[in-house]
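Chemist: Listed below, chain by chain, are the residues.
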Amino acid sequence: MLSRVADSLYWMSRYLERAEHTARLVDVELQLWLDQSPETGAGRWRFLLEGLHAPGAQGAVDATKLMNTLVFSRSNASSIVSCIATARENLRHVREQCSSEMWEQLNRLYLDVMQTKPDEAWMLKSHGFFRAVQEGAHLFHGITDATMSHGEGWQYIQLGRYVERTDTLASLMEAHFRRTAQPVDQAVESAEYLEWVALLRSCMAFEAYCKAHTAEIRPLRVAEFLILNPEFPHSVRFSVDRINAALHVIGDLTERRAKSPTRIAGRLRAQLSFSQIEEIMAEGAHAYLENVRGESAAIHSAIHEIYFDYPIETELAS
Amino acid sequence: MTATALSQQFRVSSSKASYQFDAAYDEMFEAPGVPREHYQALHKTLLGLPPEELRKRQQAADLTFLHEGITFTVYGSKEGTEKIFPNDLVPRIIPSNEWTKIERGLTQRLTALNMFLRDIYHEGRILSEGLVPRELVYSCKHFRREMRGLNVPRDIYVSICGTDLVRVPDGSFAVLEDNLRVPSGVSYMLANRKVLKRVFPTMFRDYGVWPVDHYPQALLATLRSLAPENCNYRQDPTTILLTPGVSNSAYFEHTFLAQQMGIELVEGRDLLVHDNIVYMRTTAGLRRVDVIYRRVDDDFLDPLCFRPDTILGVPGLFNAYRAGNVTLANAIGTGVADDKAVYAYVPQIIKFYLSEEAILPNVPTYLMSDDSQRKYALENLEKLVVKAVGESGGYGMLIGPQSTAEQREEFKARILAEPRNYIAQPTLSLSRAPCVIDGGVESRHIDLRPYILMGEKVTLVPGGLTRVALRKGSLVVNSSQGGGSKDTWVLREGNGEDRVAKIPVIGR
Chain A
-10 MLSRVADSLY WMSRYLERAE HTARLVDVEL QLWLDQSPET GAGRWRFLLE
40 GLHAPGAQGA VDATKLMNTL VFSRSNASSI VSCIATAREN LRHVREQCSS
90 EMWEQLNRLY LDVMQTKPDE AWMLKSHGFF RAVQEGAHLF HGITDATMSH
140 GEGWQYIQLG RYVERTDTLA SLMEAHFRRT AQPVDQAVES AEYLEWVALL
190 RSCMAFEAYC KAHTAEIRPL RVAEFLILNP EFPHSVRFSV DRINAALHVI
240 GDLTERRAKS PTRIAGRLRA QLSFSQIEEI MAEGAHAYLE NVRGESAAIH
290 SAIHEIYFDY PIETELAS
Chain B
279 MTATALSQQF RVSSSKASYQ FDAAYDEMFE APGVPREHYQ ALHKTLLGLP
329 PEELRKRQQA ADLTFLHEGI TFTVYGSKEG TEKIFPNDLV PRIIPSNEWT
379 KIERGLTQRL TALNMFLRDI YHEGRILSEG LVPRELVYSC KHFRREMRGL
429 NVPRDIYVSI CGTDLVRVPD GSFAVLEDNL RVPSGVSYML ANRKVLKRVF
479 PTMFRDYGVW PVDHYPQALL ATLRSLAPEN CNYRQDPTTI LLTPGVSNSA
529 YFEHTFLAQQ MGIELVEGRD LLVHDNIVYM RTTAGLRRVD VIYRRVDDDF
579 LDPLCFRPDT ILGVPGLFNA YRAGNVTLAN AIGTGVADDK AVYAYVPQII
629 KFYLSEEAIL PNVPTYLMSD DSQRKYALEN LEKLVVKAVG ESGGYGMLIG
679 PQSTAEQREE FKARILAEPR NYIAQPTLSL SRAPCVIDGG VESRHIDLRP
729 YILMGEKVTL VPGGLTRVAL RKGSLVVNSS QGGGSKDTWV LREGNGEDRV
779 AKIPVIGR
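Residue numbers (the numbering used here), protein chains in the order written: chain A, -10 to 307; chain B, 279 to 786.
One or more of the hints may lead you astray.
[As the list claims (entries may be wrong)] With a cut-off of at most 20 Å between alpha-carbon atoms, the simulated DMTMM-like pairs for lysine to aspartate or glutamate come out as follows: (1) B:Lys472 - A:Asp51; (2) B:Lys379 - B:Glu635; (3) B:Lys361 - B:Glu381; (4) B:Lys322 - B:Glu308; (5) B:Lys361 - A:Glu85; (6) B:Lys472 - A:Glu90.
Calculated directly from the structure, the hints in this document are not laboratory data.
Construct all of the structure, not just a fragment, from the sequences and the given hints.
Modeler: Here it is, written out as structure tokens:
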């Protein structure tokens, strides 16, 4: 497979994941806002920006401006509209490599969000918009799984999706742990309860958590669930497992198994597989998640260096 | 077949008659209301369809094109440049005996043109004998000095050719122009067929039409047969399609052909040259490339050798080519043979190399570099069509009968400034064929572009792209100038013996 094609598929997938993640977070925050006093609500916007590593986290924040930055701004490369436009542009350059159904779905999603204008009326029904973005992304991945060969190209799509997810999940939780008290292994109530439920919802994990630990919200179990659960698709461990799986298949297909991405991803996977939440908390969740983000960035650079943009001199020498 | 039905469907009775019968040859009718033998079944079907049904089927076909994104790009217009290539539902039918002649004629022509290219880039016999003026060849915009003395595999310079044919009023075919550089449009031929099969399934079977679907396969076989001699994998050479990228007008076709052939669609930035070997950058490392079906013009292929400002090409590609380590199809510098002034000499070229008369005649052509011919042309501009010799796609043309005095003055000045750069031809009345216009059937002018492949053997896929001048009365069929296209049916005769021509090629 051409490096350029692999690169485009990888980035397309990353951008789409980022758009979906942002849509989900903003949606959850808007819902939560309804349950809170205006002052607390306004304060929360800053947390949202921190969790997304978005610009403008400092200074006064008002809802309209913020909505514009996170959703519509083309100068913010991570806004929902920018992400979807970039994802589509990446796929457009490699259209012949994906199924026409995939292209049609992403193109449709793009046309839908491009038509949306941020006005008063939109603010009132924005929930529908965020739902549509999330569903559009889910549908795209469903179509991809059903219509595209699960070969090398498909693996780069998985890789992009889960590298992005690892990074966004770790960022979100890092911001969360920084401002909350040390998680305890007992049920919490009122304001604190809302905070932790919001975190679960931001990771689409509320229902799955309840199935595992009942509706009793115990912060330590929430942290464990979101970091270490091997079965839930929006946990850090699950995402890192998927990265490993994709890298192994790609390694086999390209006969470049022993190289660095597999090693770094394997190391991260081992950490997540054998860590206990109590240990993580004792050392500090913040530092642990910082490390996860660093490793995911290292995996990204290694993929780039081995598959997309390798130095030609060493290739010719070998 | 009642008179009213005829007038409804074919709009012949009203004074604003749209199905015009004029001097041009009519593909369907021998005389008003009397269809030619091979059109009878189609004529009957059309009469049997209520106008509403015709409109519905046309809409269904249009929708298919839209959904599949079968589009082209128009240059020089600012707003939304992606357009659907309009497709017309009524097929154009060519009887078997006419096709046989076309096939022989085009094979002869392309064989001679390839010998001509070899000759002018080597000994130049035809120039020494004075049959084609030396200065005409050397002054050609597309003549590439760099190609002197360079040998190409099998001595085939042009392996993919799309020749434009027109039918003149007496019913015979003539060659309007040769496209020997990077001819496009073949994807529309295949797309038209796919859509027509859906819209008229039964008629299709009853008629006995030769299939065209094997074109991508034949193209791949042609490309592979041209692999360089010192290629490591002569049996399985790595073949790729080089595209200028998404913004090229024929990008859809590039993706389509690459997909159909199962080869990589590559941009210049995916390739690199080291020690005169071309590699593509893949996720599994660098992979050597043997044959490049390039859809990039000569000028943009290699910044070290041709235009230095190109970012579409590959630095060092020409040296690798010269070293014989990679094949480019078509070869570099083939544009000299489809120069519209050189075109005028093609019948002599055929005679010189093959000692045969041209099977398909040329259209009469006046060279503006010749004093007496120029004098005649300038006096008769309102009757002639003037074309710039190095242009294609319907750009840079003057159509005398439809021009204003002002336009004629402008062209006159241009001709006098650069006589070598222009030719003139009589305004041809291209043949007419029935087309669906607003749910009725009207006549429009058409031409025909069959595609010829030349490698180990010659392949003409029976059919081609019939282009339609959809604007009423217009004679310009180019897609960039408001043209459309229709499916082209070549009929089988009796038994179904293999149609694909297998004619051995002169040379290695």
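Chemist: Run every hint past the structure and note whether it holds.
Modeler: Right, here's what the structure says about each hint:
Taking the CA atoms of Lys472 of chain B and Asp51 of chain A, the gap is about 56 Å. The hint is violated against a cut of 20 Å. Note on Lys379 of chain B and Glu635 of chain B: the hinted pairing holds, with a Cα-Cα distance of about 13 Å set against a maximum of 20 Å. For a cut-off of 20 Å, the pair hint linking Lys361 of chain B to Glu381 of chain B is broken: about 32 Å separates their Cα positions. Restraint check for Lys322 of chain B and Glu308 of chain B: the C-alpha separation of about 15 Å stays at or below 20 Å, so the hint holds.
For a cut-off of 20 Å, the pair hint linking Lys361 of chain B to Glu85 of chain A stands: about 19 Å separates their Cα positions. Between Lys472 of chain B and Glu90 of chain A the CA atoms are separated by roughly 19 Å; this keeps the pair inside 20 Å, and the hint holds.
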